[in-house]
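Asks: Chains A and B are the protein sequences, given in the same order. Oh and the first sequence: position 245 is 245 in the numbering used here, straight run, nothing missing. Oh and the second sequence: position 34 is 34 in the numbering used here, straight run, nothing missing.
Bear in mind the hints are in silico, worked out from the structure with no lab data behind them. Small disclaimer: the values here were computed from a predicted structure and weren't measured. It cannot be assumed that every hint is accurate.
In silico EDC-like cross-links for lysine to aspartate or glutamate, where the CA-CA straight-line distance does not exceed 16 angstroms [stated by the list, open to error]:
hint : chain 1 : residue 1 : chain 2 : residue 2
1    : A       : LYS239    : B       : GLU71
2    : B       : LYS38     : A       : GLU12
3    : B       : LYS45     : A       : ASP151
4    : A       : LYS87     : A       : GLU12
5    : A       : LYS87     : A       : GLU178
Facing chain B, according to a computed beta carbon distance under 7 angstroms, are these residues of chain A, among others [what the hints assert, rightly or not]:
hint : residue
6    : ALA30
7    : VAL102
8    : LEU108
9    : LEU109
10   : THR217
11   : ILE219
12   : ALA230
13   : MET234
14   : ILE242
Simulated restraints on C-beta separations [unchecked claim]:
hint : chain 1 : residue 1 : chain 2 : residue 2 : range
15   : B       : GLN50     : A       : VAL72     : 19 to 25 angstroms
16   : A       : LYS152    : B       : GLU55     : 44 to 50 angstroms
17   : A       : TYR8      : B       : PHE17     : 33 to 39 angstroms
18   : B       : GLN68     : A       : TRP4      : 53 to 59 angstroms
19   : B       : GLU55     : A       : GLU12     : 29 to 35 angstroms
20   : A       : MET234    : B       : GLN2      : 56 to 62 angstroms
Each residue gets a CB set at the ideal place from its N, CA and C atoms; glycine is no exception.
Here's the letter readout for the chains.
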Amino acid sequence: MWKWLHPYANPEVSYHLTGRLLPWFSYLTAIFLFVGIVWALVFAPADYQQGDSFRIFYLHVPAASLSMGIYVGMAIAALCSLVWQFKLADASAAAMAPVGAVFTFIALLTGAAWGKPMWGTWWVWDARLTSELILLFLYLGVIALHNAFEDKALAGKAAGILTIVGVINIPIIKYSVEWWNTLHQGSTVSQLGKPSMSIEMLWPFIVCLIGFALLVTTIICIRFRTEILARNSMRPWVKELITPPEGQ
Amino acid sequence: MQFDSISAFFDMGGYAFYVWLSYGVSLGVLLILFLSSKADHNKIKQQISQRQQRENKLREAAKQQQAQANEHHTLNNPQHTSDETNEALS
Numbered sequence: 001m002w003k004w005l006h007p008y009a010n011p012e013v014s015y016h017l018t019g020r021l022l023p024w025f026s027y028l029t030a031i032f033l034f035v036g037i038v039w040a041l042v043f044a045p046a047d048y049q050q051g052d053s054f055r056i057f058y059l060h061v062p063a064a065s066l067s068m069g070i071y072v073g074m075a076i077a078a079l080c081s082l083v084w085q086f087k088l089a090d091a092s093a094a095a096m097a098p099v100g101a102v103f104t105f106i107a108l109l110t111g112a113a114w115g116k117p118m119w120g121t122w123w124v125w126d127a128r129l130t131s132e133l134i135l136l137f138l139y140l141g142v143i144a145l146h147n148a149f150e151d152k153a154l155a156g157k158a159a160g161i162l163t164i165v166g167v168i169n170i171p172i173i174k175y176s177v178e179w180w181n182t183l184h185q186g187s188t189v190s191q192l193g194k195p196s197m198s199i200e201m202l203w204p205f206i207v208c209l210i211g212f213a214l215l216v217t218t219i220i221c222i223r224f225r226t227e228i229l230a231r232n233s234m235r236p237w238v239k240e241l242i243t244p245p246e247g248q
Numbered sequence: 001m002q003f004d005s006i007s008a009f010f011d012m013g014g015y016a017f018y019v020w021l022s023y024g025v026s027l028g029v030l031l032i033l034f035l036s037s038k039a040d041h042n043k044i045k046q047q048i049s050q051r052q053q054r055e056n057k058l059r060e061a062a063k064q065q066q067a068q069a070n071e072h073h074t075l076n077n078p079q080h081t082s083d084e085t086n087e088a089l090s
């Protein structure tokens, strides 16, 4: 049943497949992000209570959801690597970690810049903010472990264990606004069936979310290809791919 | 269009600092991440290519040394070589 998947476990096949997909992801990213951000900044209505500071929402929420989404992806990759010794999974986990860290940083920064005018403070030690900060530290720990060992397989194993232990933080972030009293508001968007957001705000948000998700895909593809090359540099197909300039 | 003028757009209803701080830093950080990811990719390619060049050079040097050693061998044992040459010719 899963046999059609097997060729993609081959680093050479994966390298060329991502190479072919990369231009499409790049163009789609540029289109969606441009439309989404212009829509969010210029055409979306101002909030009746928060005014134009609400425009930070179009960065903050996609960044925060992607920071968690990337972590879940990284954890699935780590699990595949630890359970099935699937080497490419390590490469993809190593490719995801820095992207996730950057999106977590953006979520924290835009949250602070939105919190200052709305709550009167840049930062409070409440459940949502603190657990998101821990997510940043988890990402930094995973990146550090990936770089701590000369042996990439060993590094992948260490980072993978930390990643899987850290998954416990994801439901804590998600439900922190329900479990504890917090300054952070509850979910606005993901209440399916009863949208608590006007359509003129929802559409630019969806375009921004898709745009940022495509950007994540693009950057992870680039980094994944770098990881493949670094881990397979002695293989004949890599040597053939990168022939040194003649006459040297 | 939600703004009457360009200056109203930049003012963001009085929240200019917070909105532009968010958008500015976010886009800046993402741009750095994107460019450094591309740079890393080129760097690893360059490293592999350099190592290949070094290996090729070493292989060439080893071949030359081998050839020299053979020459040396020939000079010292002319009889042996001529035998070999004869063999090859015959």
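Asks: Does the Cβ distance between B/GLN50 and A/VAL72 fall inside 19 to 25 angstroms?
Replies: 38 angstroms, violated
Asks: Under 7 angstroms is the threshold here; is the Cβ of A/ILE219 close enough to any Cβ of chain B for the hint to stand?
Replies: Check passed: Cβ of A/ILE219 comes within 5 angstroms of chain B, closer than 7 angstroms.
Asks: Just to be careful: measuring from the Cβ of A/LEU108 to every Cβ in chain B, is the smallest value less than 7 angstroms?
Replies: 11 angstroms, violated
Asks: Given the hint of 56 to 62 angstroms, check if A/MET234 and B/GLN2 actually sit that far apart at their C-beta atoms.
Replies: For B/GLN2 against A/MET234, whose Cβ atoms are near 57 angstroms apart, the range 56 to 62 angstroms holds.
Asks: Next pair to validate is A/LYS87 with A/GLU178; report whether the Cα-Cα distance is within 16 angstroms.
Replies: 39 angstroms, violated
Asks: Has the hinted range 44 to 50 angstroms been met by the Cβ atoms of A/LYS152 and B/GLU55?
Replies: 21 angstroms, violated
Asks: Tell me if the interface restraint on A/VAL102 is satisfied: Cβ within less than 7 angstroms of some Cβ in chain B.
Replies: OK, holds: A/VAL102 within 7 angstroms of chain B, min 5 angstroms.
Asks: Double-check A/THR217 for me: the hint is only fine if its C-beta lies closer than 7 angstroms to a C-beta in chain B.
Replies: Where the cut-off is 7 angstroms and the nearest Cβ of chain B is about 12 angstroms from A/THR217, the hint is violated.
Asks: With a cut-off of 7 angstroms on the beta carbons, see whether A/MET234 makes it to chain B.
Replies: Interface hint status for A/MET234: violated (9 angstroms vs cutoff 7 angstroms).
Asks: Is the distance from the Cβ of B/GLN68 to the Cβ of A/TRP4 consistent with 53 to 59 angstroms?
Replies: 56 angstroms, holds
Asks: Does A/GLU12 lie within 16 angstroms of B/LYS38 when you go C-alpha to C-alpha?
Replies: 19 angstroms, violated
Asks: Does A/ALA30 pass the interface hint, meaning its C-beta sits closer than 7 angstroms to a C-beta of chain B?
Replies: Violated - the Cβ of A/ALA30 stays beyond 7 angstroms from chain B, reaching only about 11 angstroms at its closest.
Checked against the numbered hints above, the structure violates hints 1, 2, 3, 5, 6, 8, 10, 13, 15, 16, 17 and 19; every other hint is satisfied.
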